[in-house]
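Residue numbers (the numbering used here), protein chains in the order written: chain C, 811 to 1079; chain A, 322 to 519.
Note that these hints are calculated values from the structure, not bench results.
Some clues are possibly wrong.
Some chain A residues close to chain C (C-beta under 10 angstroms, calculated; not the full set) [what the hints assert, rightly or not]: (1) Met322; (2) Ala378; (3) Ile390; (4) Leu427; (5) Ser461; (6) Arg486; (7) Thr490.
Only a predicted model underlies this, so the values are computations on that prediction, with no experimental measurement involved.
All C-beta atoms in this analysis are idealised placements derived from N, C-alpha and C, irrespective of residue type, glycine included.
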Amino acid sequence: MDRGDILKRMAYIDGQLDGDELKEFERELGEDERQAIVAEKRLDTCIIETIKQAAETCPEPLWDRVASDLQGRSSWDRLALPLSWLRWKPGLGLAAAVALVTVGIFFGKWIWTQDSPSRPASDSTVLVSPQASKQLASLEERTEHCLQKSKVLLLALVNFDPQTDDAMTLNLPYQRRISEALVQEASYLKSELSDPAERRLQDLIGDLEVILLQIANMEDEYDLEAVEMLRSGVNKRGILFRIDLSQMSRRMQDAFQDEIPKAKNSSQI
Amino acid sequence: MKDTEFMKRIEKYRHEFYAFVQRNVWNQSDVEDVFSSAVLAAYESRRNFRPQSNFRAWMYRILVNKCFIANREKREASADIDALDAQWLADQSKTSNPIIEDPERLVHECPDEVLQALSRLRTIERSCLLLLSLGAYSYSEIAEIVGIPVTSVTTHLARGRAKLRRWLTDYAKEYGLGCRAIVDSPDRSEEMKGSNDG
Chain C
811 MDRGDILKRM AYIDGQLDGD ELKEFERELG EDERQAIVAE KRLDTCIIET IKQAAETCPE
871 PLWDRVASDL QGRSSWDRLA LPLSWLRWKP GLGLAAAVAL VTVGIFFGKW IWTQDSPSRP
931 ASDSTVLVSP QASKQLASLE ERTEHCLQKS KVLLLALVNF DPQTDDAMTL NLPYQRRISE
991 ALVQEASYLK SELSDPAERR LQDLIGDLEV ILLQIANMED EYDLEAVEML RSGVNKRGIL
1051 FRIDLSQMSR RMQDAFQDEI PKAKNSSQI
Chain A
322 MKDTEFMKRI EKYRHEFYAF VQRNVWNQSD VEDVFSSAVL AAYESRRNFR PQSNFRAWMY
382 RILVNKCFIA NREKREASAD IDALDAQWLA DQSKTSNPII EDPERLVHEC PDEVLQALSR
442 LRTIERSCLL LLSLGAYSYS EIAEIVGIPV TSVTTHLARG RAKLRRWLTD YAKEYGLGCR
502 AIVDSPDRSE EMKGSNDG
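Generate coordinates for the entire structure from the input sequences, incorporating the hints supplied.
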């Protein structure tokens, strides 16, 4: 048996021979050879099955770390790309700077008026008032609402840079009130999401609850160390990325559900 | 490729990719580092990914490279491999192949031995075997992923399998699990030495 025969024999065992080549190989096969091939194939199958069975799944903590890292890079890329573009266009850069300052002033004024003591209702009542709860038709909608609110809140924290931003801009008293309401909502959702298929979402809500609780319990609104700890907690657990994933998967499910009736209608036509 | 698209695809195949790295990297404490660095490297070069090509195969190519680096091995030029294996396969053809009579019993009773034998192969041989078994790729697809000609893939597969069979047969013989038609290859000791060096 030469080298070519050995390789052809292996290709036969792996099912890689096609058409005429396969027929020719089988025609020339002696009985002893056929038996030897069957035995080799049995052993190979056993080896492959053992390898497949021993394959472990990716550990969740590792995936969370990788996902968080990816999310961090993704946010940076989104920021870095326009900035690098502006470097080459000084005129546009100046215009962008003016626009940013204008938006900053507008936003600052808005925050100031939002946080004024004369405001009649607290945000927590708006968020989880019975009327609002009734309006949210299903558990899914409530989950989505809670995730979206938390995401906005956490984004403000994560994007806050103590080196360049003023602690006032964080508006911690306001964040605390929102967090208190969201903690209650998260606690309710955690108890309601009992389906094993929702385990990932349950874990996310659980982690979110811990972070929100920490925000709600912050005492000093200028405690930058606590803010830093919170930011690292959010990044470490990849909370924002997991919220994005959860929302994305929900949207995909919705889109899929929408497609089914359309497909039915078109088939009827 | 957009970030969300990339993340969606990586999440879909992450268990498969992790299993590949886990079986392919010698030092098990490196597995997590290799996996995460491969994913991050893929993310960094996601703009090089052509939309019409196969994401899974593209990712496997990165994983194979990372495993080579982690195992501190480099791919020889294909001509060298073919020259080396031409002689080795010619020697193989002079001997009759040993046959384990009850392979199911052997792997059922000693699965660790199979995995240990797999870990003794060279990275290129193991990569080809894993792509065939875990990835269910054809020879030509493996060639494209690993970046070597199809003939080299078949050679590596033949060589890797022959080593596995030999080691498992030795094990079966030692523990009385039954073999027949066992004829030792003249340069078996050389082969074992070579594989351990690798």
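Hints, verified against the model:
1. Met322: Violated, about 12 angstroms.
2. Ala378: Alanine 378 of chain A check fails; min Cβ-Cβ to chain C is 17 angstroms, beyond 10 angstroms.
3. Ile390: Check failed: Cβ of isoleucine 390 of chain A comes no nearer than 18 angstroms to chain C, outside 10 angstroms.
4. Leu427: 7 angstroms, holds
5. Ser461: 9 angstroms, holds
6. Arg486: 6 angstroms, holds
7. Thr490: With a closest approach of 9 angstroms, the threonine 490 of chain A hint holds.
In summary, the numbered hints that this structure violates are 1, 2, 3.
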